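Engineer: First to last, the sequence lines map onto chains A and B. Start counting the first sequence at 1057; every next residue gets the next number (the numbering used here). Start counting the second sequence at 1057; every next residue gets the next number (the numbering used here).
Simulated from the structure, these hints should not be mistaken for lab results. Here the structure is a predicted model, which is why all the values come from computation and not from measurement. Certain hints may be false.
Since the list gives no way to pick one copy over another, a pair counts as held whenever it fits inside one copy or between any two copies.
When the alpha-carbon atoms are kept at most 20 Å apart in a straight line, the in silico SDA-like pairs for lysine to any residue are as follows [to be verified]:
#1 1123 - 1174
#2 1123 - 1276
#3 1126 - 1181
#4 1170 - 1144
#5 1231 - 1212
Protein chains: 2
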Amino acid sequence: MKNKIFAIDDERDIQEIIKVNLEKEGYEVNTFSSADLAEKHMKKGNIPDLIILDIMMQGTDGYEFCKRLKSVKEYASIPVMFLSAKTEEFDKVLGFELGGDDYMTKPFGVRELKARVKAHLRRTETLHAKETQVLRYKGVELYPEQYALSIDGSSVDLTKTEFFILRIFLENPGKIFSRDNIIDSVRGQDAYVVDRTIDVHIMNLRKKLGPYKNIIRTFSGVGYGFKE
Amino acid sequence: MKNKIFAIDDERDIQEIIKVNLEKEGYEVNTFSSADLAEKHMKKGNIPDLIILDIMMQGTDGYEFCKRLKSVKEYASIPVMFLSAKTEEFDKVLGFELGGDDYMTKPFGVRELKARVKAHLRRTETLHAKETQVLRYKGVELYPEQYALSIDGSSVDLTKTEFFILRIFLENPGKIFSRDNIIDSVRGQDAYVVDRTIDVHIMNLRKKLGPYKNIIRTFSGVGYGFKE
DNA sequence: GCAATTGTGAAGATTTTGTTAAAATTTCCA
DNA sequence: TGGAAATTTTAACAAAATCTTCACAATTGC
């Protein structure tokens, strides 16, 4: 999923440079000419993954906005990169003191900006919990990451081959696979086995599927498939 | 608890400036004149919370060191701040590409350095808190900060390799790791060992797990994993 | 009904893993 | 720094798990 970035700066040119370049990197970029506008947008439930923030602006200035942001638990973990014409060390230190995560000075290099943005997002993405994928049909659940099958909640062990066969079925409901198709996707293109071998795997799979054994259907003369 | 910082730079003066100023802030600072020395220290179990890294050095240079660090799961989350006389945008971008988290150019302002260090530690501390937590499953308790394992209350010594393997299992319950996955997270990306080597580590681990040896399950043709 | 196709149990072949001991490497300590 | 101890890695073989085949029974489709 695309990472969302807010660029808050009262100069249209800067907004454009940031937007164009970061979108080229595959980010979704929203630009705002003031912190107040950005804040309004966030209150509507539009939460960015990173904020690029000018300091001197009409209305709420960057420092103030950052400080406010970091005091709200929901927003505190969003990285804030200051981007300002203020080059004094004092200004930078203040930015960090108020909770900022980075500080770049104008004029800035686009490539450095992109690199820094990427670095911050890299660091935060581990925080975002990864959800495990599941292939499900009724009480049958297959967890690709875990090579595991659960039938009505209780787990069943599969062999590697059984796992791959069941997976191509669940990934392609309705599709019928010939025995060649099946063995190809499980063992690679140039593996040859006797047809009866696949039948045996199917049989073993059906045994393990218990009450759901009929989700694997036989199409005489054609092959096997999963059909609801 | 004090945050530990490694400052790696071949100039004694720089080392001193960093050490003195950051210690004033309450950090524990270790200085090294080469990345190789720092790495040796880390292998002994001395893990910093942040690394300040020069680029041009004798032996392994900063870029190379950073890249290697980020490829080892154990070290990947440690923030790396480059501190270099190389001011070209290209150099900065490269630093970030290799997994760096920040880049300051020499000469640098001490106050800005302190502010940036603080910002990085602020960001990682929540993550870090989780990392030093005890990993527990039934009577098995793993203490990440001391390579120690306790089984039903009595402590068992683990070797470093055993510790890391057990840890990735306990951190990812249900997930299955191939032998390559395992050795990669323990030794870094481009380490090659024979498959049977991992089996031996697993066997030794199981012996030490005593009554809980079966929490490490074998998935034939796939790898190993921890499953409740 | 009959030929073709599929289901099934068990035996055999193959692959994968477990285990031991010894070699190579690293770490530790005097 | 040298050498002992600890650790990691490897090789060789045993054991286990998995896959494949075969023979024949059961089923399907015309």
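Engineer: Take the hints in turn and mark each one as holding or not.
Structural biologist: These are the hints, each one checked on the structure:
For a Cα distance limit of 20 Å, the shortest separation of residue 1123 from residue 1174 across copies, 16 Å, qualifies, whereas the shortest one inside one copy, 23 Å, does not. Taking identical chains as interchangeable, the C-alpha atoms of residue 1123 and residue 1276 are never at most 20 Å apart, the minima being 33 Å within one chain and 54 Å between chains. Within a single copy, residue 1126 and residue 1181 get their C-alpha atoms as close as 18 Å, and across copies as close as 15 Å, so both meet the 20 Å cut-off. Taking CA atoms no more than 20 Å apart as the test, residue 1170 paired with residue 1144 passes between copies only; the shortest distance there is 15 Å, against 23 Å inside one copy.
Proximity of residue 1231 and residue 1212 under a CA criterion of 20 Å is satisfied inter-copy only: 15 Å between copies versus 25 Å inside one chain copy.
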